[in-house]
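Q: If you want the building blocks of each chain, they are given just below.
Protein chains: 2
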Amino acid sequence: MKITRMHGAGGKVMQDLIKEIILSNLERTSVNGGIGLECLDDASTIPIGDKEIVFTVDGHTVKPIFFPGGDIGRLSVCGTVNDLAVMGAKPLALSLSLILPEGFDIEKLDKIMKSINEACKEADVAVITGDTKVSNVDDIIISSSGIGVVDKGKAIRDSSIKEGDAIIVSGNIGDHGLAILLSREGFEFDADIKSDVAPLNKMIEMVLNEGIEIHAMKDPTRGGLADALNEMAEKSGLGIDIYEERIPISEEVQSIADILGIDPLTVANEGKVVMAVKREDAERCLEILRKHPLGKNAEIIGYATKEHKGVVMETIVGKRVVDTPIGDPIPRVC
Amino acid sequence: MKITRMHGAGGKVMQDLIKEIILSNLERTSVNGGIGLECLDDASTIPIGDKEIVFTVDGHTVKPIFFPGGDIGRLSVCGTVNDLAVMGAKPLALSLSLILPEGFDIEKLDKIMKSINEACKEADVAVITGDTKVSNVDDIIISSSGIGVVDKGKAIRDSSIKEGDAIIVSGNIGDHGLAILLSREGFEFDADIKSDVAPLNKMIEMVLNEGIEIHAMKDPTRGGLADALNEMAEKSGLGIDIYEERIPISEEVQSIADILGIDPLTVANEGKVVMAVKREDAERCLEILRKHPLGKNAEIIGYATKEHKGVVMETIVGKRVVDTPIGDPIPRVC
Ligand SMILES: Nc1ncnc2c1ncn2[C@@H]1O[C@H](COP(=O)(O)OP(=O)(O)OP(=O)(O)O)[C@@H](O)[C@H]1O
Ligand SMILES: Nc1ncnc2c1ncn2[C@@H]1O[C@H](COP(=O)(O)OP(=O)(O)OP(=O)(O)O)[C@@H](O)[C@H]1O
Ligand SMILES: [Mg+2]
Ligand SMILES: [Mg+2]
Ligand SMILES: [Mg+2]
Ligand SMILES: [Mg+2]
Ligand SMILES: [Mg+2]
Ligand SMILES: [Mg+2]
Numbered sequence: 001m002k003i004t005r006m007h008g009a010g011g012k013v014m015q016d017l018i019k020e021i022i023l024s025n026l027e028r029t030s031v032n033g034g035i036g037l038e039c040l041d042d043a044s045t046i047p048i049g050d051k052e053i054v055f056t057v058d059g060h061t062v063k064p065i066f067f068p069g070g071d072i073g074r075l076s077v078c079g080t081v082n083d084l085a086v087m088g089a090k091p092l093a094l095s096l097s098l099i100l101p102e103g104f105d106i107e108k109l110d111k112i113m114k115s116i117n118e119a120c121k122e123a124d125v126a127v128i129t130g131d132t133k134v135s136n137v138d139d140i141i142i143s144s145s146g147i148g149v150v151d152k153g154k155a156i157r158d159s160s161i162k163e164g165d166a167i168i169v170s171g172n173i174g175d176h177g178l179a180i181l182l183s184r185e186g187f188e189f190d191a192d193i194k195s196d197v198a199p200l201n202k203m204i205e206m207v208l209n210e211g212i213e214i215h216a217m218k219d220p221t222r223g224g225l226a227d228a229l230n231e232m233a234e235k236s237g238l239g240i241d242i243y244e245e246r247i248p249i250s251e252e253v254q255s256i257a258d259i260l261g262i263d264p265l266t267v268a269n270e271g272k273v274v275m276a277v278k279r280e281d282a283e284r285c286l287e288i289l290r291k292h293p294l295g296k297n298a299e300i301i302g303y304a305t306k307e308h309k310g311v312v313m314e315t316i317v318g319k320r321v322v323d324t325p326i327g328d329p330i331p332r333v334c
Numbered sequence: 001m002k003i004t005r006m007h008g009a010g011g012k013v014m015q016d017l018i019k020e021i022i023l024s025n026l027e028r029t030s031v032n033g034g035i036g037l038e039c040l041d042d043a044s045t046i047p048i049g050d051k052e053i054v055f056t057v058d059g060h061t062v063k064p065i066f067f068p069g070g071d072i073g074r075l076s077v078c079g080t081v082n083d084l085a086v087m088g089a090k091p092l093a094l095s096l097s098l099i100l101p102e103g104f105d106i107e108k109l110d111k112i113m114k115s116i117n118e119a120c121k122e123a124d125v126a127v128i129t130g131d132t133k134v135s136n137v138d139d140i141i142i143s144s145s146g147i148g149v150v151d152k153g154k155a156i157r158d159s160s161i162k163e164g165d166a167i168i169v170s171g172n173i174g175d176h177g178l179a180i181l182l183s184r185e186g187f188e189f190d191a192d193i194k195s196d197v198a199p200l201n202k203m204i205e206m207v208l209n210e211g212i213e214i215h216a217m218k219d220p221t222r223g224g225l226a227d228a229l230n231e232m233a234e235k236s237g238l239g240i241d242i243y244e245e246r247i248p249i250s251e252e253v254q255s256i257a258d259i260l261g262i263d264p265l266t267v268a269n270e271g272k273v274v275m276a277v278k279r280e281d282a283e284r285c286l287e288i289l290r291k292h293p294l295g296k297n298a299e300i301i302g303y304a305t306k307e308h309k310g311v312v313m314e315t316i317v318g319k320r321v322v323d324t325p326i327g328d329p330i331p332r333v334c
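Residue numbers (the UniProt record's numbering), protein chains in the order written: chain A, 1 to 334; chain B, 1 to 334.
Bear in mind the hints are in silico, worked out from the structure with no lab data behind them.
Treat the hints with caution; some may be incorrect.
What the hints assert, rightly or not - List of simulated lysine-lysine pairs, DSBU-like, C-alpha gap at most 30 Å: (1) B:Lys19 to B:Lys235; (2) A:Lys111 to B:Lys2; (3) B:Lys90 to B:Lys121; (4) B:Lys202 to B:Lys278; (5) B:Lys121 to A:Lys152; (6) B:Lys19 to A:Lys108; (7) A:Lys154 to B:Lys152; (8) A:Lys114 to B:Lys278; (9) A:Lys63 to A:Lys194; (10) B:Lys51 to B:Lys152; (11) A:Lys152 to B:Lys51.
Said to hold, decoys possible - From chain B, some residues computed to sit far from chain A (all C-beta separations above 12 Å): (12) Pro68; (13) Gly237; (14) Asp241; (15) Ser250; (16) Gly327.
Stated by the list, open to error - Far from chain A by the CB rule (all over 12 Å, computed), these chain B residues: (17) Phe104; (18) Lys108; (19) Ala191; (20) Asp192; (21) Met206; (22) Glu213; (23) His215; (24) Glu234; (25) Lys235; (26) Gln254; (27) Leu260; (28) Asn297; (29) Tyr303; (30) Glu307; (31) Glu314.
We put the CB at the ideal spot given by N, CA and C, even for glycine.
The task is simple: from the sequences and hints, build the whole structure.
A: The following block contains the structure:
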């Protein structure tokens with residue numbers, strides 16, 4: 001068996017590889033009774049004193065490395081910060097492992113480092129360790145891991161949706177993936193689609209500080225909203241009903257996705273969060289989110305249910321099942 | 001200016017890149033008053049309660065990925081564990097960011113994961129988070145970051161050698177780099193040189209548990225012993241005198257290095273530690289090290305001095321300065 005693009009595209013093919021080849025070979029996947037790798041959540045935790053250290057990593061091979069709305073530097077910081085933030089953690093520090101191709105412009109590296117610095121200031125995190133290698137790669141690769149901290153027992157899982165919870169998305173979906181696709185393929189659309197890449201920790205902190213009961217949280221990156229919702233539903237042993245008309249998508253993204261035959265629900269985002277919130281808190285949560293620039297298009301898109309498993313979407317022509325995608329339709333998207 | 005192989009080879013060229021393009025662009029490089037990136041030590045720390053979380057990362061692009069004595073999986077675990085261990089920390093958890101080429105054999109990945117598992121058991125650490133991407137790379141790349149823990153204020157720096165300290169190396173140098181070179185280039189030497197790749201944390205723990213006063217510690221990886229000693233001396237504001245006859249090198253490594261015209265002092269190791277130890281503790285430290293299989297060839301190779309800066313080696317034909325190498329003579333060594 002050989003590795004294909006699909007093995008790195010989020011979705012079902014990648015999840016199977018992780019379970020069958022990675023997880024199954026590892027005997028030690030958690031520390032001190034914390035949330036371990038076997039949970040396959042956005043991050044894992046290590047209890048220390050009255051805190052839990054939260055730990056995550058993402059590698060970035062996005063092509064092109066500079067794209068509308070961001071670049072690989074900003075993406076590296078935000079991707080890692082967001083996986084910590086959706087655990088309910090305060091992100092503190094990042095590591096930066098650079099793999100550079102021979103002949104790479106040092107001016108480009110300088111530009112990427114400046115972008116990393118700006119994103120770190122936005123998210124209030126520090127780069128405290130790193131590594132630099134030169135290898136046979138077609139472009140720079142950045143792997144960034146991150147450390148955050150949360151009070152013991154307060155980490156928010158992606159597996160703990162409760163029946164009746166409101167499902168909230170913090171804004172328009174599909175922008176990141178389509179921005180990458182359009183800038184890579186040079187399609188001649190008269191569209192101004194930008195990546196949404198942004199650090200979500202401040203916005204999520206606002207919601208938590210207001211005492212909103214968030215039962216589960218996830219960032220819908222590779223595999224898009226479809227993947228995130230299915231994973232949350234499956235792990236929680238519940239179903240999710242969503243309403244197509246309530247899903248925030250810009251007209252531009254919708255129409256270009258239609259032309260290209262891509263389902264925007266399966267397209268990667270890099271500045272969005274999906275929350276399962278106690279139903280009574282949902283409207284107040286929405287208000288708080290909408291006060292933040294990154295949450296102005298937030299919507300309640302549906303509810304968790306015991307009536308069925310999986311994700312079902314009500315459209316104008318009836319209900320349809322929203323499956324876990326095989327992979328993200330756009331390769332090298334992050 | 002363009003990136004060259006030297007920018008990823010340890011040594012002077014890489015150090016300049018890190019200072020001029022990476023460090024100079026970052027405004028936040030430490031957290032809560034811990035050891036920050038600006039110290040350019042093996043790892044950084046985040047004080048939390050009465051502990052410090054120790055954090056490090058290394059990317060691995062070694063070629064070939066399977067080599068005498070180990071493979072890229074074992075290397076990834078040991079490299080990260082060792083950077084934590086030389087800070088005096090107990091390594092706890094690793095992250096695993098995989099970059100896979102399209103067409104990569106899944107059987108190879110399986111073999112690498114089994115090797116990672118074995119090394120994790122040896123070092124008593126867990127893999128708790130990871131990420132998987134497929135990209136245009138010539139072979140698998142693994143970036144592994146690690147978290148360890150040390151009592152507050154007890155982290156051991158690479159910059160705190162004291163005058164008169166004994167400089168101890170835990171065993172034969174040069175094996176890793178030469179093993180890589182020979183297996184990559186297919187030289188027809190009648191030699192059996194194996195990488196020394198191994199986790200050092202248990203051995204270092206033994207030394208610390210016996211109350212030996214280690215003032216400074218470093219793993220002499222890329223750039224070899226020459227690089228590690230120079231960095232320790234320079235950061236400590238002292239000089240180091242070493243004695244060529246005391247430096248442990250196997251006959252095979254010495255003779256092949258001579259034939260190839262490579263200075264073994266500049267060749268990477270992946271299972272060795274250099275310690276600066278209080279002079280009175282040196283013999284006892286040596287005894288403890290030699291009881292451990294990874295330390296059986298440990299030697300006191302010299303002493304720290306105020307008389308000069310830099311590293312000076314006494315040889316049978318007189319003294320010579322041992323400079324910081326420009327880079328490791330062997331590219332893609334780890
Ligand atoms: N190579 C790997 N080794 C160990 N664990 C892995 C590896 N790849 C993925 N995982 C684990 O699988 C789960 C899913 O990984 P995934 O990368 O999809 O999560 P994510 O980072 O939240 O999403 P994205 O990478 O799209 O931002 C996580 O728990 C992650 O730690
Ligand atoms: N890309 C980078 N971004 C931030 N810091 C970096 C980067 N590359 C290296 N550093 C920092 O520079 C210092 C030296 O790095 P280096 O990789 O040589 O250390 P090491 O891991 O101990 O050695 P080796 O990689 O040979 O095992 C470390 O403090 C490291 O954190
Ligand atoms: Mg995530
Ligand atoms: Mg992620
Ligand atoms: Mg390194
Ligand atoms: Mg080191
Ligand atoms: Mg290292
Ligand atoms: Mg990931």
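Q: So, for every hint listed, does it hold in this structure?
A: We went through each hint and held it up to the structure:
1. B:Lys19 to B:Lys235: Given that 30 Å is the threshold and the Cα spacing comes to 14 Å, the pair holds.
2. A:Lys111 to B:Lys2: 14 Å, holds
3. B:Lys90 to B:Lys121: Since the Cα atoms of B:Lys90 and B:Lys121 sit roughly 14 Å apart, the hinted pair holds (cutoff 30 Å).
4. B:Lys202 to B:Lys278: Within the cut-off at roughly 21 Å; holds.
5. B:Lys121 to A:Lys152: 27 Å, holds
6. B:Lys19 to A:Lys108: Holds, at roughly 16 Å.
7. A:Lys154 to B:Lys152: Holds, at about 24 Å.
8. A:Lys114 to B:Lys278: With Cα atoms ~43 Å apart, A:Lys114 and B:Lys278 exceed 30 Å; violated.
9. A:Lys63 to A:Lys194: Holds: A:Lys63 and A:Lys194 sit about 15 Å apart, inside 30 Å.
10. B:Lys51 to B:Lys152: With Cα atoms ~5 Å apart, B:Lys51 and B:Lys152 stay inside 30 Å; holds.
11. A:Lys152 to B:Lys51: Holds, at about 16 Å.
12. Pro68: 21 Å, holds
13. Gly237: Its Cβ never comes within 12 Å of chain A, the nearest being 24 Å, so this holds.
14. Asp241: 31 Å, holds
15. Ser250: Fine: 27 Å to the nearest Cβ keeps B:Ser250 off the interface.
16. Gly327: 10 Å, violated
17. Phe104: 4 Å, violated
18. Lys108: 9 Å, violated
19. Ala191: About 27 Å separates B:Ala191 from the closest Cβ of chain A, which puts it past 12 Å; holds.
20. Asp192: 28 Å, holds
21. Met206: B:Met206 clear of chain A: closest Cβ-Cβ about 21 Å, beyond 12 Å.
22. Glu213: Fine: 26 Å to the nearest Cβ keeps B:Glu213 off the interface.
23. His215: For B:His215, whose nearest Cβ neighbour in chain A is about 22 Å away, the distance exceeds 12 Å, so it holds.
24. Glu234: 19 Å, holds
25. Lys235: 16 Å, holds
26. Gln254: It holds; B:Gln254 is separated from chain A by about 28 Å at its closest Cβ, greater than 12 Å.
27. Leu260: For B:Leu260, whose nearest Cβ neighbour in chain A is about 22 Å away, the distance exceeds 12 Å, so it holds.
28. Asn297: 28 Å, holds
29. Tyr303: Its Cβ never comes within 12 Å of chain A, the nearest being 31 Å, so this holds.
30. Glu307: 34 Å, holds
31. Glu314: 34 Å, holds
Checked against the numbered hints given earlier, the structure breaks hints 8, 16, 17 and 18 and satisfies all the rest.
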